[in-house]
Structures are given as structure tokens and as C-alpha cells.
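Student: Protein chains in written order, with my numbering: chain L, 56 to 400; chain D, 56 to 400; chain Y, 56 to 400; chain C, 56 to 400.
Worth flagging that the hints you see were computed from the coordinates, not collected in a lab.
You can trust all of the hints, since none of them are fake.
Straight-line Cα separation of at most 30 Å, DSBU-like style, residue types lysine-lysine; simulated pairs:
#, chain 1, residue 1, chain 2, residue 2
1, Y, Lys76, L, Lys76
2, Y, Lys192, Y, Lys77
3, Y, Lys259, D, Lys95
4, L, Lys259, D, Lys218
5, L, Lys95, C, Lys169
6, C, Lys57, D, Lys76
7, Y, Lys137, Y, Lys192
8, Y, Lys192, Y, Lys322
9, Y, Lys77, L, Lys324
10, Y, Lys194, L, Lys77
11, L, Lys324, Y, Lys57
12, D, Lys76, D, Lys148
13, L, Lys324, Y, Lys76
14, L, Lys95, C, Lys259
15, Y, Lys324, L, Lys57
16, Y, Lys77, L, Lys77
17, Y, Lys137, Y, Lys194
18, Y, Lys137, Y, Lys169
19, Y, Lys218, Y, Lys194
20, C, Lys95, L, Lys169
21, C, Lys148, C, Lys324
22, D, Lys76, C, Lys76
23, Y, Lys324, Y, Lys192
24, L, Lys324, D, Lys259
25, D, Lys322, C, Lys95
26, C, Lys76, D, Lys77
27, C, Lys259, C, Lys218
28, Y, Lys324, Y, Lys76
29, L, Lys57, L, Lys192
30, Y, Lys57, L, Lys77
31, L, Lys137, L, Lys76
32, Y, Lys95, Y, Lys148
33, Y, Lys95, D, Lys169
34, Y, Lys77, L, Lys76
35, Y, Lys137, Y, Lys76
36, C, Lys324, Y, Lys259
37, Y, Lys57, Y, Lys192
38, L, Lys259, D, Lys322
39, D, Lys218, D, Lys322
Here the structure is a predicted model, which means the values were calculated and not measured.
Number of protein chains: 4
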Amino acid sequence: MKAAIIGGTGYGSIELVRLMKKHPHIEIGTVVSNSHAGAKFSENYPQLSNIVDPILEAFNPDRICQENDLVFFATPSGVSSKLVPPLLDRGIKCIDLSGDFRLRSSEEYESWYKHTPVSEDYLNHAIYGLSEIYAEKIKTANLIANPGCYPTAAALGLIPILKSNLADLNTIIIDAKSGVSGAGRGLSLTSHYAEINENLKAYKLGAHQHIPEIEQTFQDETGHPITITFTTHLVPMTRGIMCTMYLSLNENVTTDEIQQIYSEFYKYKPFVRVRSQGAFPATKEVLGSNYCDIGLHFDARTNRLTVISVIDNLVKGAAGQAIQNVNIMNGWDEQTGLEFIPMYP
Amino acid sequence: MKAAIIGGTGYGSIELVRLMKKHPHIEIGTVVSNSHAGAKFSENYPQLSNIVDPILEAFNPDRICQENDLVFFATPSGVSSKLVPPLLDRGIKCIDLSGDFRLRSSEEYESWYKHTPVSEDYLNHAIYGLSEIYAEKIKTANLIANPGCYPTAAALGLIPILKSNLADLNTIIIDAKSGVSGAGRGLSLTSHYAEINENLKAYKLGAHQHIPEIEQTFQDETGHPITITFTTHLVPMTRGIMCTMYLSLNENVTTDEIQQIYSEFYKYKPFVRVRSQGAFPATKEVLGSNYCDIGLHFDARTNRLTVISVIDNLVKGAAGQAIQNVNIMNGWDEQTGLEFIPMYP
Amino acid sequence: MKAAIIGGTGYGSIELVRLMKKHPHIEIGTVVSNSHAGAKFSENYPQLSNIVDPILEAFNPDRICQENDLVFFATPSGVSSKLVPPLLDRGIKCIDLSGDFRLRSSEEYESWYKHTPVSEDYLNHAIYGLSEIYAEKIKTANLIANPGCYPTAAALGLIPILKSNLADLNTIIIDAKSGVSGAGRGLSLTSHYAEINENLKAYKLGAHQHIPEIEQTFQDETGHPITITFTTHLVPMTRGIMCTMYLSLNENVTTDEIQQIYSEFYKYKPFVRVRSQGAFPATKEVLGSNYCDIGLHFDARTNRLTVISVIDNLVKGAAGQAIQNVNIMNGWDEQTGLEFIPMYP
Amino acid sequence: MKAAIIGGTGYGSIELVRLMKKHPHIEIGTVVSNSHAGAKFSENYPQLSNIVDPILEAFNPDRICQENDLVFFATPSGVSSKLVPPLLDRGIKCIDLSGDFRLRSSEEYESWYKHTPVSEDYLNHAIYGLSEIYAEKIKTANLIANPGCYPTAAALGLIPILKSNLADLNTIIIDAKSGVSGAGRGLSLTSHYAEINENLKAYKLGAHQHIPEIEQTFQDETGHPITITFTTHLVPMTRGIMCTMYLSLNENVTTDEIQQIYSEFYKYKPFVRVRSQGAFPATKEVLGSNYCDIGLHFDARTNRLTVISVIDNLVKGAAGQAIQNVNIMNGWDEQTGLEFIPMYP
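Modelling step: build the complete structure from the supplied sequences, incorporating the hints.
Tutor: Here you go:
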């Protein structure tokens with residue numbers, strides 16, 4: 056199976072290449088970059104010399120569909136909403152790593168992303184690709200809206216307790232921290248080394264575009280509209296996301312019961328690892344891998360649960376989950392080609 | 056005025072030296088390190104060659120009192136509880152940067168610190184040295200229990216709203232993040248470069264010794280017993296603490312009103328800077344300085360306030376506040392010798 | 056084929072595990088750690104939970120030989136010299152990642168390493184495992200002395216020009232830089248985060264134990280005794296080595312000719328990539344992979360050549376080259392199981 | 056004395072502000088930024104809120120001369136060559152931190168900097184501001200060409216041995232390493248956090264614009280034309296420069312003699328600290344300070360000397376030396392306002 060990549064010079068794209076190169080059933084096909092068409096991939100990424108080095112091409116939907124069986128979009132917001140439709144019309148399956156197809160409400164999209172939303176005809180085809188939760192729908196999807204990095208960590212961390220009926224749904228606070236690669240390869244003061252190194256900063260309080268995505272998922276899973284408090288921080292590291300999440304429980308439970316709820320929930324999900332009681336995951340423990348690791352702390356004094364979840368934002372938070380979804384769509388074992396061991400140290 | 060430093064080879068000590076060297080009224084006196092007695096200071100810290108280079112001495116209370124007017128303790132937990140009493144008995148004032156004199160309850164101390172508490176005779180002399188809040192008591196104190204780094208950032212960030220009667224005191228969550236220097240110069244896997252770099256980890260959930268210190272201060276300020284949720288994270292940077300704090304308000308207020316409460320509260324406190332609405336401080340913006348910068352975000356959807364406070368853990372969180380307290384004790388302007396501009400970048 | 060690992064809690068060991076897990080022909084067998092015998096591997100390395108989690112065992116040569124076909128040593132200096140002999144006596148092949156068998160002269164070993172050298176009976180069996188250069192001898196070896204990290208980068212970078220007869224052998228200067236993981240997981244001030252972060256330091260000038268190893272290789276390859284100037288620096292990063300190397304040429308040549316010499320020399324060596332003229336490799340471009348990337352700059356004004364070579368110290372500089380050697384010993388393609396793409400960013 | 060700053064939003068400017076704020080005789084006057092005229096300084100640098108917060112102004116030579124006694128230029132290459140002349144014509148003294156007035160040869164400037172050189176009428180007024188070496192000329196200068204960061208570290212490290220007549224002047228190799236702040240606050244992939252962090256890269260081999268500056272100084276000091284080999288590396292840290300320098304000696308000497316040469320040379324230079332034999336400076340040991348620390352290693356086997364010098368690129372390599380020069384120009388003690396102790400850790 057051949058897969059095209061649209062958005063060939065960004066971090067999402069380079070990570071897709073790294074992962075696909077080790078996948079037994081997927082071959083790298085067309086790589087599209089309108090801004091660098093004609094250049095060799097290794098001109099931007101010399102580390103790929105002698106390994107995989109396609110010539111970047113301009114976007115041409117006919118050619119893409121002739122030469123590929125699948126298309127990944129690793130483009131900035133506002134691009135795939137324009138480029139996915141001509142491909143879907145030609146009958147090729149698309150996996151979109153951007154946010155353009157994640158929100159079911161066009162108004163919400165426009166309000167948070169400040170781009171014109173895609174027409175609902177296409178939006179309705181999109182399946183939200185949170186692999187562990189929506190595998191059934193993903194199997195038959197033509198268009199996957201691959202989840203955002205923060206929403207992946209947040210949803211995998213909270214869904215088990217939200218579905219348990221133990222949680223007070225009005226008390227959800229997500230204190231999220233991310234490495235810098237999540238903002239992509241584009242240039243801005245907030246990715247300037249001297250501004251970020253030895254620094255920790257909070258950003259976009261109450262204004263992050265992942266807020267409606269998380270709330271939509273929580274509503275889908277609980278049947279209730281949910282309003283979260285969500286704070287994002289930029290941490291001086293390249294990869295990694297941690298969500299430290301707080302919520303009150305509305306019944307007396309024990310730590311053991313909560314551990315049990317999570318272990319049960321993820322029993323058959325190889326990429327989610329629930330740490331044993333008293334142990335908490337660090338971002339480096341998933342570096343370069345598709346794992347989401349979860350730690351739990353229940354404080355009986357306040358009846359409040361703290362959940363910590365970590366992922367590699369470029370793998371489980373982007374390219375890895377995209378490939379996991381392709382595995383599911385094709386009926387392959389979902390771990391196929393994704394058995395990367397975290398790189399440590 | 057001559058000041059002795061006990062604990063001469065740790066980071067607290069080196070920072071006291073950096074700050075005192077610029078202070079117009081304090082001179083560095085005896086520097087005590089039992090483990091390195093006889094060595095020159097610069098053997099451990101070559102950056103001080105040609106600047107200040109005392110010979111380290113063993114602890115000798117008589118000699119210390121003869122040659123100094125003041126004693127700083129920058130020692131690990133469990134040391135000053137033994138060494139402060141003989142100095143107080145000799146009538147010299149002490150500033151303790153460790154936790155030994157911070158908790159008024161001996162039982163609490165023993166339970167969180169796992170050391171034998173000091174006798175209550177001495178404990179009763181200790182004044183908690185949160186400069187902006189307890190200046191009046193500090194003025195006449197003989198023994199200052201200098202606040203911990205997290206408690207300083209947390210207390211300065213929350214006290215204005217806690218005292219406003221607007222806060223629901225049962226909803227306080229403090230998500231705290233610290234650089235590695237807070238753990239001192241001792242060796243452990245959690246300060247090993249390869250384990251910390253490119254990593255973010257949560258630690259000591261529900262078990263951090265700063266929990267009772269923060270709760271004690273909040274109780275003092277509100278008159279109510281308060282139970283907080285407190286999570287600490289280790290961030291891959293050397294200096295800096297950020298507390299991201301959440302609490303629900305029990306009345307409808309506006310963002311403007313909250314900004315006003317904070318601005319009023321800190322109007323005459325030169326080291327606390329309240330950011331304007333929509334702006335949030337980063338740790339690097341206080342690096343090397345004695346500032347505590349505070350940002351505020353109120354979400355009317357949830358009636359929940361988010362407060363972000365940052366300090367340099369070694370300055371306002373340790374040596375800087377210690378010197379600020381000495382300024383207050385001596386009737387000097389509290390900024391004396393502390394007008395360090397944050398080093399940026 | 057089953058392989059044992061001796062030294063199960065260090066970084067060399069963990070990297071062997073990461074790589075072996077992806078190798079189609081090697082299975083992880085016994086993992087030995089005398090200090091942690093009885094513990095699960097994941098107690099020290101939670102990132103391996105659910106992936107590979109052997110129980111650490113004490114060193115028992117009979118048991119090791121019964122249950123394994125091969126033994127890797129990832130132990131500190133002075134250990135394998137004692138533990139390899141009983142294994143060799145029992146007929147099992149050993150790959151030693153430490154320095155104990157690298158120097159042919161026992162006196163040199165004792166003088167640089169300050170340990171008792173192994174008896175010459177065993178030392179004589181050791182083949183220096185610089186894969187690209189000594190593949191023929193490696194094929195039939197029973198004991199591989201796997202090269203040091205700096206010596207690998209230095210030798211691969213300079214051997215082509217040294218063997219060309221163009222170099223003035225008295226002018227070799229190697230300015231080497233390494234990330235912190237090269238010093239292992241042991242605790243010391245020089246791996247303390249707060250001491251290393253935002254810092255660059257030179258260390259062991261004229262005293263690094265890799266000096267005789269490099270000189271021995273250069274003598275082997277040129278037939279002349281060679282004395283190098285070698286400076287090592289600690290860089291605030293976890294992985295990666297760069298050697299910036301200088302030497303004078305004794306004839307007029309062109310940059311093209313030098314590029315040609317290197318390209319020819321490494322034509323059939325898949326793990327060495329010679330950058331095109333004017334391009335220079337960065338350590339991140341080999342991160343997590345077994346590549347050694349080389350860049351060349353010739354200055355006709357001074358007739359001096361600058362060679363830059365980079366490796367991941369834990370892969371090509373340790374575990375990766377060890378597995379490459381096992382591939383060679385077994386007649387497998389030398390890339391087997393090592394086709395890791397550099398992780399970027 | 057009032058000093059204007061031209062180039063008000065870069066790192067050179069912000070560092071001038073940090074240092075001038077502590078200077079007893081210099082006051083911050085006009086701050087010019089054509090691109091941000093009208094904005095408050097703290098809009099770009101919130102860490103200066105409540106401390107120093109001038110309104111940025113457009114460049115107006117009359118106004119500048121009326122309201123200031125001195126002008127600092129912290130502008131990119133190609134700017135001060137245009138803006139200094141109208142100021143010099145009006146009789147105000149200028150300190151230029153850029154490279155526009157450093158090279159005496161207009162052809163060299165044009166060839167390395169790719170900008171139109173300033174007319175020789177003005178160029179001839181420029182005194183090269185390497186404080187420790189050219190204090191006599193600096194005293195009476197109207198225009199200071201403040202040295203580059205690498206040239207400062209290189210020249211202070213090598214001049215003592217070059218002037219000793221012991222050095223073989225054809226063998227000078229400078230392996231230089233810098234933190235990222237040296238490249239300024241402008242945006243480029245080479246200052247993007249995710250590209251720099253956990254990475255070490257060489258750049259501009261044989262093409263760095265500091266080569267002719269260093270060679271010019273060495274020629275001035277030795278009377279011989281000198282050609283150096285100069286390699287620059289980007290290190291994942293914010294501040295700090297280290298030059299590791301190699302040269303052959305043409306006579307037999309002892310390490311003691313070399314230590315003696317350096318100690319004598321810098322006997323009355325408070326900002327240069329020569330480490331004792333066997334000790335080597337790290338960049339963090341000068342962080343935030345105006346020191347240049349030097350370590351020496353002589354290898355009798357090869358008759359080759361290794362010199363290591365470190366500076367903070369923004370202090371001794373830019374703003375600090377600029378103020379040191381102003382001190383010299385005004386007959387003040389050269390340490391005035393510059394007694395910053397290195398910040399450690």
C-alpha cells in the first residue's frame with residue numbers, strides 16, 4: 056500500500072516518514088510540498104540522506120490518486136479543508152492530522168480556528184480518530200480527523216473515570232504541558248531557542264483551539280455538555296506532552312477501585328499503560344513511541360482524583376496515531392509497524 | 056553588619072554569597088561547612104575566584120557569635136533544628152532557609168519531614184518570613200523561618216483572593232512546576248542530567264513536605280482550616296518555579312474586579328508585579344531577581360479563577376527573600392541590595 | 056539466537072535492549088545485575104513495562120552459557136576483565152562494550168585505566184570491533200572489544216585521509232564534544248543537571264583514557280606511531296558525539312579530491328554517510344541511529360583539512376556497533392535490525 | 056551621563072539596559088527602535104515592567120545629541136555604518152557593538168559582511184575596543200568598534216602567548232563554540248528550539264565574518280600576517296562562548312613558564328582570570344558577568360599548547376565590554392558598574 060504525504064516539510068511529515076519506513080505494509084509514495092516542489096526531501100532533512108529521499112511535488116489530486124492508496128495530511132490549519140474534498144471525490148482515503156475536520160460544528164471551528172470551515176458534506180464523512188475509543192467507526196472510515204496532541208492525552212486520561220459515573224463533571228481541570236515541537240517548524244518568537252530555553256510559560260489561557268475538541272469528546276462519551284478549565288504551558292523540551300488533570304468524585308471510592316477501573320478499561324489496548332499505584336509516568340518514558348502512559352492519585356481528604364497522562368506529541372499525538380488508524384482501517388493488528396520502544400535516555 | 060552562612064557548599068549558600076556581595080550593608084563573615092572545613096570556597100565554586108573566597112570553617116557557635124552579627128542557615132532539613140538553638144542562646148539572630156522552623160506543629164513536622172522536631176521553646180521564637188505578608192512581625196524577630204520556594208509562589212499568588220471572601224476555600228488546586236536547582240546540589244537519579252533533560256515528571260503527589268506549610272499559611276490568612284490539592288513537577292531547567300492555581304469563586308465577579316483586588320493588595324510591594332489582563336508571566340522573566348510575577352485569568356463560564364505566579368526559586372524562593380527579611384529586620388528599604396534586573400535571555 | 060547482557064541497569068544495557076527488541080535474529084536472554092538481582096527490569100526502567108521485563112539475575116557463568124548463545128558486557132571498566140575469562144573458557148562468544156580488552160598493551164591499560172589488566176592469554180583473543188574497518192577479523196572472533204564512543208567517531212572520521220598518504224601525521228588535533236549520557240547512569244557532580252545545563256566544559260585534557268585507543272588504531276592503520284592532541288568537552292545534551300578534527304596535508308590537493316577519497320572509502324559501508332561539499336553534519340541528524348556522518352572542509356590557504364564526524368554515542372558508539380559486530384560474526388547483513396531512522400526533531 | 060541605545064529590541068540592547076541600570080554614573084537615555092517607535096520597552100520585554108520602561112523612539116540625530124552624552128549601537132550589520140556618521144558629525148561619542156567599524160580594510164568588510172562599507176573618513180576614527188589590550192587608545196576615542204564575541208574570547212586567550220615569541224604563528228587553530236543568543240533575537244531555523252535543543256552543529260566553516268577580525272588583531276599584536284583555522288559550533292545553551300585553541304610552540308618550555316606568562320600578562324586586568332594549572336573554565340563560571348576565564352594545557356609530547364577561554368557572549372562579548380570601554384573613556388575604574396558575580400547554577 057502506497058501512502059502520500061501532503062505537507063512534506065513539517066515535523067508531522069518527517070515523523071510520518073520515520074514511522075512508515077519501518078511499517079511492513081505501507082510504502083512512502085508522493086510527498087507534496089507546494090513551497091518546495093522540485094527539491095529533494097533531504098535538502099530540508101539531511102538526516103534522511105541515503106535512507107528515503109523523494110522529490111517533493113506540487114499538489115496534483117489526479118496524480119496523487121493514481122499513484123497512492125492513501126493520503127496523509129500534515130498541513131497547518133485551513134489547508135486540508137480545501138485539499139481533502141478533491142481527493143475524497145476521487146475516492147481515496149484521507150487521514151488528516153490537522154484540526155480542520157475534528158469539530159462537528161462549523162461555527163465552533165470558525166470561532167476557534169479563524170478559518171473558513173469545510174462544507175458540511177465533507178465534514179460529515181470525518182471520523183474522529185481516537186484509536187482506543189473509536190476503533191469500530193475508524194474501520195470503515197474514508198476520512199479520519201486525527202486527534203490533536205493535547206486532546207489525545209486528555210481524553211485517554213479521563214474517559215475511563217468519566218464513563219464510570221463517579222466523576223463530578225463540573226470539576227474538570229486540565230493543566231497541560233507541552234514540548235516545543237508541537238508548534239511545528241514555523242518560525243516565531245515562541246519557538247526561538249533563547250526565549251524558550253530555561254523558561255516555562257503559560258499560553259493561550261481560555262483560548263486554545265483544543266478546548267472545543269476535548270469538550271466535544273467528553274460530551275460524546277458522557278452524554279452531557281461539559282465545560283473544562285484548560286491551561287497550556289510550553290516546557291523547554293522538544294517532544295512530550297503531559298496532562299495533569301483534576302476532578303472531584305461524587306462518591307466514596309478507594310484508590311484500588313480507581314486503579315481497577317483504568318486497568319479494566321485499557322485491558323486490551325496495547326498502547327495505553329496504566330502505572331501501578333503510587334507510580335507516575337514521565338514524558339521521556341514514552342519518547343519516540345506510540346504509548347500513552349497513565350498514573351493515578353486519589354486523595355481521600357478532598358475526594359479529588361489526579362490523573363497524569365503522557366504521550367510523545369509527534370507519535371501518539373500525531374503521526375503514530377495516524378498510522379495506528381490506518382492499521383485499524385485495514386484490519387491489521389493495530390501495533391503493526393509501531394512497536395517502537397521508548398528511547399531512554 | 057557581618058553575616059555568617061552555615062551550609063557553605065550548597066546552592067542556597069552560593070546564592071546568598073552572590074546577593075550579599077552586592078549588598079551595601081551586609082558583609083560576608085564566617086562560612087561554615089563541616090564537610091569541607093579548611094577548604095577555600097572557590098575549590099567548590101571556581102566562579103568565585105578573585106571575587107570572594109573565604110576559608111570554610113567548622114561549626115563553632117562561640118566563634119560565629121564573636122565574629123558575626125547575623126547567621127543564615129542554608130542547610131538540609133534536620134540540621135538547623137540542632138544548630139540554631141545554641142546560637143539563639145548566645146543572642147544572635149538567625150535566618151533559617153530550611154524547613155525546620157516553618158511548621159508550628161511538631162507532630163506535623165515529624166510526620167512530613169521524618170526528622171526529630173526542635174523543642175517548642177525554640178520553635179515559638181520563629182516568625183514565618185513571607186516578607187510581603189508578615190513584615191510587621193519580621194521587624195522584631197530573632198529567628199526567621201524563611202518560606203519554602205513553592206509556598207512563596209503559592210501564597211503570594213493566592214492570598215489576595217483568599218482574603219477577598221470571594222473564594223470557595225474547598226476548591227484550591229495548585230499545579231506546581233520547578234527547575235532542578237530546587238533539589239539542591241546533592242546527587243540523586245532525579246537530578247542526573249540524562250534523566251531530567253528532555254523530560255517532564257510529576258513527583259511526590261500528596262506527599263510533598265510543602266503541603267502543610269501552604270495549608271498553615273492559608274489557614275492563618277483566612278481563619279479556616281484548608282486542604283489543598285498540590286502536585287509538583289520537575290521541569291528540565293535549572294531555576295524557576297511556576298504555580299498554576301485554580302479555585303472557584305462563590306460570587307459573580309468580573310475579571311476587572313479581580314485584577315483590581317490584586318493590584319490593590321500589592322500596591323506597595325515592590326517585588327510583586329501583577330501582569331495586566333491577558334498577560335501571563337514566564338519564569339525567565341524573573342530569572343536571577345527577587346520578583347514574584349502574577350497573572351490572572353477568570354473564566355465566567357465556570358466561575359473559576361486561574362492564577363499563575365512565578366519566582367526564581369533560589370532568589371525570592373530562598374536567598375533573596377532571606378535578605379529581604381534582613382532588610383526588614385534592620386529597618387532598611389526592603390529592596391536594598393536586591394535590585395537585580397532579571398537576566399534575559 | 057539468545058544473548059545475555061551483563062550490567063543490566065546502565066545506559067549501555069538499556070540501549071542494547073531497545074535495539075535487540077527490534078532485531079529479527081536475536082532474543083534477549085539472561086540480564087545480569089549483581090546489585091539488583093531479583094528485581095524486575097522495569098523497576099529501574101518503567102518505560103519498558105509491558106514490552107520487555109526480565110528478572111535481573113546474579114552473575115552465574117554456567118547458567119549464562121546454558122541459556123544463551125552470546126554475551127554482551129555493558130559494565131564499567133575493570134569488570135569484564137574479570138568476568139569474560141570464565142565465559143570464554145566455557146566457549147561462549149563475548150562482546151565487551153567496556154575498555155578492558157581494547158588496548159593490546161597491558162601496561163598502557165593499567166596506566167590509563169588504573170585497573171589490573173586481564174591476563175594476556177585472554178587479551179590476545181580480543182578483536183577490536185570497529186565494524187567498518189575490521190570486518191574480516193570480526194567474522195571469526197570469539198571476543199570483541201567494542202570500540203569507545205570517541206574512538207569510533209575519531210577513527211571513522213580520519214582513517215580515510217590517514218591511509219591516503221596525504222596527511223602530515225604529526226599534526227592531528229581532535230576537538231571532541233559529547234553529551235552527558237556517555238558518562239553513564241552513575242551519580243557525580245559532572246552529571247548533575249544544574250551543573251551541566253547551560254554550561255559547556257572541557258575535561259580530562261591530556262588524560263582521557265580514549266587517547267591510547269585512538270593512537271593504537273591510527274598506528275595500526277598507518278604503520279607509524281602517532282601522537283594526537285585530544286580535548287574532550289561536555290555539552291548540555293543527552294546523546295551525541297561530535298569530533299572536529301584538524302590535520303595538515305603534505306601535498307597540494309583539491310577539495311574535490313578529498314571528497315572523492317572519503318566517498319570511495321565508504322562506498323560500501325551503509326552506516327557511514329559522507330556529506331557533500333560545504334555541508335556539515337549535526338549530532339541530531341544521527342540521533343537514535345547507527346550512522347556516522349562525516350563532513351569535510353579543506354582550506355587551501357593553510358593546507359589544513361577539517362573533518363567533522365558525528366555519532367549517537369549510545370548507538371554507533373556502543374550498543375549499535377556491538378550488534379553490527381554480531382551481525383558480521385553471524386554472516387548476516389550488517390544492517391540487520393539496525394535500520395533505525397534518526398529521530399528528528 | 057546619559058546614554059542612548061540604538062537597536063532597542065535586540066538582545067544587545069536588553070543587556071545594555073540590564074547593566075546600565077546598575078551603573079552609578081550612566082543613565083539610560085533615548086532608546087531607538089525604528090520598527091517599534093512609540094511602543095513601551097516592556098511590550099517586548101515584560102521582565103522590565105516596573106523597573107525601566109522607556110518609550111521607544113525613531114532615530115533622530117539632533118534629538119539624540121541634545122538629550123544624551125553617549126550613544127550605544129546594538130544594531131545588525133550594515134546599520135551603524137549609516138547612522139554613526141551623522142552622530143559623529145554632531146560631536147557625540149559612539150560605541151558600536153556591531154561589526155561595521157571593526158575591520159580597517161573596506162574591501163575585507165565588503166567581502167565578509169556583504170554590506171557597503173562606511174567611508175574611510177569615519178572608519179579611521181574607530182578604535183578597536185578590546186579593553187584589556189587597547190585601553191590607552193580607548194581613553195581618547197570618539198568611536199569605539201566594540202569587538203565581536205568570538206574575537207574577544209580568542210584574542211584574550213591567545214595574545215599573551217603570541218606576544219611571547221614562543222608560538223609558531225602558522226599553527227593557530229581555534230575551535231569555537233557558542234550558545235544561541237549570539238545570533239540575536241531574529242527568527243531563523245538555526246535558532247528554532249526544536250532544531251537546536253539536543254543538537255550540536257558546526258557552521259560557517261571558513262566563512263565566518265569573525266575570521267578577518269581575529270587575524271587583524273593577531274597581526275597587530277605580532278607584526279606578522281596570520282592565517283588561522285577557525286571553526287564555529289552552535290551549542291544547545293543560551294549564553295556562553297568557549298574557544299579551545301591550539302598552537303605549536305617553537306621552543307622547549309615548561310607548563311610553569313606558560314602559566315607564568317599568562318599570569319604576568321593579566322596581573323592588573325581584573326576581568327581576566329587565569330586558572331591554575333590543570334583547571335579549566337566552564338562557560339557557566341562566567342555567566343552574566345564580564346569575566347574572561349582562561350585555562351592552559353601544555354603537552355610536552357607534541358610541544359603543543361591548548362588554551363581554553365570562556366566569556367558570556369552578551370557581557371564581555373558585547374554589552375559588558377562596551378560599558379567597560381565607556382568606563383575607560385571617562386577615566387573611571389574599569390570595573391565600575393560591572394561587578395556582577397557569575398550566576399551559578
